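Student: The listed protein sequences correspond, in order, to chains A and B. Position one of the first sequence corresponds to residue 1 (the UniProt record's numbering), numbered consecutively onward. Position one of the second sequence corresponds to residue 1 (the UniProt record's numbering), numbered consecutively onward.
Bear in mind the hints are in silico, worked out from the structure with no lab data behind them. Some hints could be false.
Pairs count within a copy or across copies, as identical chains cannot be separated in the list.
Unchecked claim - Calculated cross-link-like contacts (lysine to aspartate or glutamate; reagent style EDC-like; alpha-carbon spacing at most 16 Å):
id : residue 1 : residue 2
1  : 256       : 420
2  : 453       : 433
3  : 256       : 187
4  : 453       : 422
Bear in mind the structure is a predicted one, so any value in this text is a computation, not a measurement.
2 protein chains.
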Amino acid sequence: MTTGEPVTFYDSTLRDGAQTQGVDFSVADKQALAASLNRMGVDYIEGGWPGANPTDDAFFADRPRYSHARLIAFGMTRRPGRSAANDPALAGLINAGAQGVCMVGKTWDFHVDVALGIDRQENIDLIGDSVAHAAAHTEEAMFDAEHFFDGYKNNPAFALACVEAAYEAGARWIVLCDTNGGTLPEEVERIVGEVSARIPGRQLGIHCHDDTGNAVANSLAAVRAGARQVQGTLNGLGERCGNANLISCMATLALKTDFKTNLTDAQLRELTGVSRELDERLNRAPSQGLPYVGESAFAHKGGLHVSAVQRDPRTYEHIDPAQVGNRRHIVVSDQAGRANVLARFHEIGLELPDDDPQVTKLVETVKAREFEGYAYDGAAASFELLARRALGQVPDYFGLNRFRVMDDRRWNARGELVTESEATVTTTVRGEEVMTVATGNGPVNALDLALRKALLGVYPQLADMRLTDYKVRILTPQAGSGAVTRVMIESADRQGRHWCTVGVSANIVDASFNALHDGITWKLYHEGAPAIAAAAE
Amino acid sequence: MTTGEPVTFYDSTLRDGAQTQGVDFSVADKQALAASLNRMGVDYIEGGWPGANPTDDAFFADRPRYSHARLIAFGMTRRPGRSAANDPALAGLINAGAQGVCMVGKTWDFHVDVALGIDRQENIDLIGDSVAHAAAHTEEAMFDAEHFFDGYKNNPAFALACVEAAYEAGARWIVLCDTNGGTLPEEVERIVGEVSARIPGRQLGIHCHDDTGNAVANSLAAVRAGARQVQGTLNGLGERCGNANLISCMATLALKTDFKTNLTDAQLRELTGVSRELDERLNRAPSQGLPYVGESAFAHKGGLHVSAVQRDPRTYEHIDPAQVGNRRHIVVSDQAGRANVLARFHEIGLELPDDDPQVTKLVETVKAREFEGYAYDGAAASFELLARRALGQVPDYFGLNRFRVMDDRRWNARGELVTESEATVTTTVRGEEVMTVATGNGPVNALDLALRKALLGVYPQLADMRLTDYKVRILTPQAGSGAVTRVMIESADRQGRHWCTVGVSANIVDASFNALHDGITWKLYHEGAPAIAAAAE
């Protein structure tokens, strides 16, 4: 059943995933995620639907090229009553300049009758025309057979005629979609097997939705039946119950089956990082229980499991978590917490002997801080500073005596309602108290600018540092006034470095200052700046 | 392959689900959930592990009887080196007074050798002894074959000998467990099929974990191979990636296969309510994308989908949501077409003719606003206000003339660094300018409190309104111009209503004020408050 033809992976996070309730990608989100998808070895990246919304237009207007993945533009087959050459939407799709196009069309007679309301032969014709036109004018044309499984169950001859029209017109891939997500694995396996008697499996793809909780199983069933392209999304993002989780499909096919893939070990190790990146971009807590890549996916509670796992991980782990870039997480054991912290030190280049008493203290500090709401997984620079400070390696580059931030919303002289933020900062630099003030487009921006004014004279290297991201999460919304705010800040400099810091406080401005302070300190530490300030703290 | 024997459902939420990190059921939680599990037609409720912790002891001490479900106590087979009759843990299990007991034991030779470190024949003996003893002293004895699939793959003869010992000793059910969750559906189907040649399928159960995202598919595969008991948990709760989601298994088997179950239509309609109840009890936001029962499971966002669903729901819905007690939900967003916006109006009770020119304008407004950074699909209350304002239905309940927020971080008299936020708000209420001031634990909290001070006198209904969630995201929609901040606020009142509003601005305090303003306005509008303020705006 398995052949030498490798299974290819087609990611639809940026198009079908964008259909998810509550998901709104910016152009910058799309650019960053596409780069990550390429890094983790996805073969095709569906970038969006040119013409459907301003975000997708902007993304394609500035489309990049990737080292491995091909960028695909998604759209519809031509409209009824037009020729493919005279359909402006189809022209827009082809002219989006992607390396390939994927066109969706109907294959369920019920949909053709009820939703489209056109003659069935016309539906077959418009698929064939559109694919032929796209195949002639782009590098690669694909056809998404919408509702294929429902259609095949209802009228196999018609459903087959539709996909055969795409095949004969030169589609590189014919993708069978379980659009409503209601088909079960044994049906998928049977139907894909029957289709592959007419269209070679190496040109068949599968696109599943998780409405019965079987999207991954359905995708695997299709591969068993011969399909060689798997479509899905990061973390199973997607409308309703989501699409097939492409990460689970990739990991399972590469690590647990005999099917060939082009994925390298290094690409598989990217899976956990890219999964977390998506949730960071969406500013939502990652689902801890995600297969392979969730934070709890290899978590072990105390007692028998832990000692057994430490004796031999295979006792309670189905794969080695490092294969997908994840790690084991031991919940209670102090010893394991120690190993965990040591492993994280090692990651940032801090080598400590296993029996160093400082490690014990640091483990306690990290645990206490994480209990307060600090999250060091997404803020490696703050974790590094915490560790280096405990070891006495980080000087105080400046002392903060006081700050005051004022946000003022009022009517200006031209009768417009404007808001202005102004920050006053009193620091001790070079042993002297310095007071600076700045305005900004928000309190954190104003605070950042006022702080730089005070520091730039002695630390000119701060001139090339800028804030690139800022995220806020309220950690205990139920606690009312006791809610804690966590601020994550990403900074960057002209040397291309990016670093993330975290601040926690009941007060958002305070939390922001703490994260900002760590951001500046990390940069100065890594440039070997001398500590020329007497700390007032 | 299917027989007249019905598939039975065994819920382990209260035992295996309680192993989840962060999950801590009280006795009251267990009692309430068990009653709900009975109501939704579960055949067996695993109540806990008597002797393992005080909660489980208290639950069994006060064990109820259910109209349908049988209560099961979970525990281990006897310890090596003791007789079953002389094992205090086994005695405790039997004396818990449940209607049945389920004992877990090892069936993987590697575990017997490495984790238990006992002779393999002794392992087989202790299974047989324990089951025989329990079968003689309780109404029903079951055996959970831990790591059965890994064991069978490694040493089928030994794994079979273990489960056959349980069968011959009188176990009503022998449950094959994929403890590490790494087995794939085709393996489960093959292995269960092979086991059912030795032990009748009507006595075989299946217990799966979701480590590859296949727990539901594995459970269904086992049923296809003959197993007639499915174990799982509500919402797939459980260690690591969770157990099989019992709700998905029940709905799929009852609604989409020919297998017989004892579930009634009324029991299936309980599924959504019980799923949400679990999350309520755990004080966490329900997962929106849960198959069948998630809030998004029947949500439609794409414009084409919406118009088709309205013509005939079968076009984009795999079942009627009412069958599982769920409902259809139309989402508004960047992706939305005219049909979505109209459907959404209908949901909030706003009826507009399809060809009303105001609809066109509103669709454009929604799209433009979403491009600016507004996200209405997570902020239904702001969407409603946007629409009602456009139709001139929402009065200005108060006018904002000015606000000023100050955040001050300084050393206090006791030598501590403290941060305080103070807000001053000038509003026009009842035609008069009112100035109020308040301090809070952050700028938004202070602003909220000052605003309420100004409004409470004329709008006393605001007293029972509170902020329940606050989220911030920085968006950089287009390169070049300054970053835009999006704030989402969730409010609630004592009548149990929750509503979400959104505010966007370059300034975070400004964006927060806008979201706050919408939150207050939504409440006043829905309570029919008269507009007693002359707007200054």
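Student: Confirm or reject each hint.
Tutor: Evaluated hints:
Within a single copy, residue 256 and residue 420 get their C-alpha atoms no closer than 57 Å, and across copies no closer than 56 Å, so neither meets the 16 Å cut-off. Taking the shortest alpha-carbon separations for residue 453 and residue 433, only the intra-copy value of 13 Å comes in at or below 16 Å, while the best inter-copy value is 39 Å. Taking CA atoms no more than 16 Å apart as the test, residue 256 paired with residue 187 passes between copies only; the shortest distance there is 11 Å, against 22 Å inside one copy. Only within a single protomer do residue 453 and residue 422 lie at most 16 Å apart by alpha-carbon distance; the minimum there is 13 Å, versus 25 Å between protomers.
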